[in-house]
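Enquirer: Model the placement of chain B on the given structure of chain A, informed by the hints.
Each protein sequence line maps, in turn, to chains A and B. Numbering-wise (my numbering), the first sequence opens with residue 299 and increments by one. Numbering-wise (my numbering), the second sequence opens with residue -10 and increments by one.
Any given hint might turn out to be false.
Quick list of in silico lysine-lysine cross-link-like pairs, BS3-like style, CA-CA up to 25 Å [unchecked claim]:
hint, chain 1, residue 1, chain 2, residue 2
1, B, K54, B, K32
2, A, K401, A, K337
3, B, K32, A, K337
4, B, K32, A, K343
5, A, K343, A, K401
6, A, K343, A, K405
7, A, K348, A, K405
8, A, K348, A, K337
9, B, K32, A, K401
10, A, K405, B, K32
11, A, K337, A, K405
Label-pair restraints from in silico Cβ distances [unchecked claim]:
hint, chain 1, residue 1, chain 2, residue 2, range
12, B, N73, A, S312, 45 to 53 Å
13, A, D315, B, G4, 47 to 55 Å
14, A, S374, B, L0, 25 to 33 Å
15, A, S324, B, F90, 21 to 29 Å
16, B, N73, A, S375, 47 to 55 Å
17, B, F90, A, D299, 35 to 43 Å
18, A, T370, B, G31, 37 to 45 Å
19, B, G(-3), A, A311, 35 to 43 Å
No lab work stands behind these hints, which were simulated from the structure alone. In this text, a Cβ means the ideal position worked out from N, Cα and C, and glycines have one as well.
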Amino acid sequence: DIQMTQSPSTLSASVGDRVTITCRASQSISSWLAWYQQKPGRAPKLLIYKASSLNSGVPSRFSGSGSGTEFTLTISSLQPDDFATYYCQQYNSYPYTFGPGTKLEIK
Amino acid sequence: EVQLLESGGGLVQPGGSLRLSCAASGFTFSSYAMSWVRQAPGKGLEWVSVISSSGGSTYYADSVKGRFTISRDTSKNTLYLQMNSLRADDTAVYYCARNSFGDAISDWGQGTLVTVSS
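Next up, chain A with everything else stripped away, as it sits in the complex (with noise of 0.2 Å):
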C-alpha cells in the first residue's frame, strides 16, 4: 500500500501569510493526488485535484503543485476561513489513502 504523509502537522500562522503543506508518497503516484479542507464537524471539500488542478469554487489563492511522490498545498494569502485541517489523497492505486493531515491555526 502507499504509505502519504504530511508536514508539517500543526502549523500556525496569521492572516495574510503565505504558507505551504508538503504531501509525500512512499512510492511514485504520478499527478494523482487531490487536497481536501476539513473544518470541525463538517464534510471535507475537496480543492484541488490532479495535484495542481483547482476545484470549481475554489479561490485562487490556493494551489498545487508536485507530481511522482513530493507535492505542495500553497495558499498565497490566508484568509480567516482557511484555518482548517488538510489532507493528501493518493488515488493511483487502490487501496486509496490519506495522510494524516496538518491542522492549520491561527498564530
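Expert: What follows is chain B alone, placed relative to chain A:
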C-alpha cells in the same frame, strides 16, 4: 445540486452488523464511481471502499476487506455499505462520496455515525 444523504448509522455491539445507505440526487448516479470514507472521533480521514459506475468493480481498504461490502442500486440511486463482524475500531463517522476527476472525491455527504460498543 449534488446531494448525498447517508442513513443507517447507530449503536451496534461488537461482532454485529449494520447496513449504511446513501441516497444520491442531483446527478446521473449511474455515471459515477462512488466511495465510502470514514473518520474515527478526533482522527483523520480513512478511505474505506469504492465501487465503479457500473458496479462491476469494487475495492476495499485492508482494514475492512472481507467484512464490508459496497454495492449500488441504480434504480434507486442508492449506495450501500454492508458492515459485518464490526469491531470497536470501526467506530467512526462514515461519509458517502461521489468520485470525479479520475477518482478524486468531489462531493461528500454529511456523514452518519457508527458506534461499535457493548
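Enquirer: Could you run down the list of hints and mark each one as holding or not?
Expert: These are the hints, each one checked on the structure:
1. Note on K54 (chain B) and K32 (chain B): the hinted pairing holds, with a Cα-Cα distance of about 21 Å set against a maximum of 25 Å.
2. Taken as a hint, the K401 (chain A) and K337 (chain A) pair is honoured in the structure, with Cα atoms around 10 Å apart against an allowance of 25 Å.
3. Our distance criterion of 25 Å between C-alpha atoms is met by K32 (chain B) and K337 (chain A), whose separation comes to about 13 Å.
4. Annotation: proposed proximity of K32 (chain B) to K343 (chain A) holds, straight-line Cα distance about 17 Å (limit 25 Å).
5. Distance restraint check for K343 (chain A) and K401 (chain A): the Cα-Cα separation of roughly 15 Å lies within the 25 Å cut-off, and the hinted pair is therefore satisfied.
6. A hinted pair counts as satisfied when its Cα atoms are at most 25 Å apart, and K343 (chain A) with K405 (chain A) qualifies at roughly 23 Å.
7. The suggested pairing of K348 (chain A) with K405 (chain A) is violated, with an alpha-carbon distance near 31 Å, which exceeds 25 Å.
8. Between K348 (chain A) and K337 (chain A), the direct Cα distance comes to roughly 22 Å. Compliance with the 25 Å bound is thereby established for this hinted pair.
9. The suggested pairing of K32 (chain B) with K401 (chain A) holds, with an alpha-carbon distance near 12 Å, which does not exceed 25 Å.
10. Of the pairs offered as hints, the one joining K405 (chain A) and K32 (chain B) holds, with about 23 Å between alpha carbons and a cut-off of 25 Å not exceeded.
11. Distance hint between K337 (chain A) and K405 (chain A) is fulfilled; the C-alpha atoms sit about 17 Å from each other, no more than 25 Å.
12. Between N73 (chain B) and S312 (chain A) the beta carbon distance is about 49 Å. The supplied range of 45 to 53 Å therefore holds.
13. For D315 (chain A) paired with G4 (chain B), a C-beta distance near 50 Å keeps the hint of 47 to 55 Å intact.
14. In this structure the supplied range 25 to 33 Å is violated for S374 (chain A) paired with L0 (chain B), their Cβ-Cβ distance being about 45 Å.
15. Roughly 23 Å separates the CB atoms of S324 (chain A) and F90 (chain B), a value that falls within the hinted 21 to 29 Å.
16. Our hint of 47 to 55 Å for N73 (chain B) and S375 (chain A) holds, since their Cβ atoms are close to 49 Å apart.
17. For the pair F90 (chain B) and D299 (chain A), the beta carbons lie near 22 Å from each other, so the given range of 35 to 43 Å is not met.
18. At about 26 Å, the CB distance of T370 (chain A) to G31 (chain B) disagrees with the hint of 37 to 45 Å.
19. Separated by about 40 Å at the C-beta atoms, G(-3) (chain B) and A311 (chain A) satisfy the suggested range of 35 to 43 Å.
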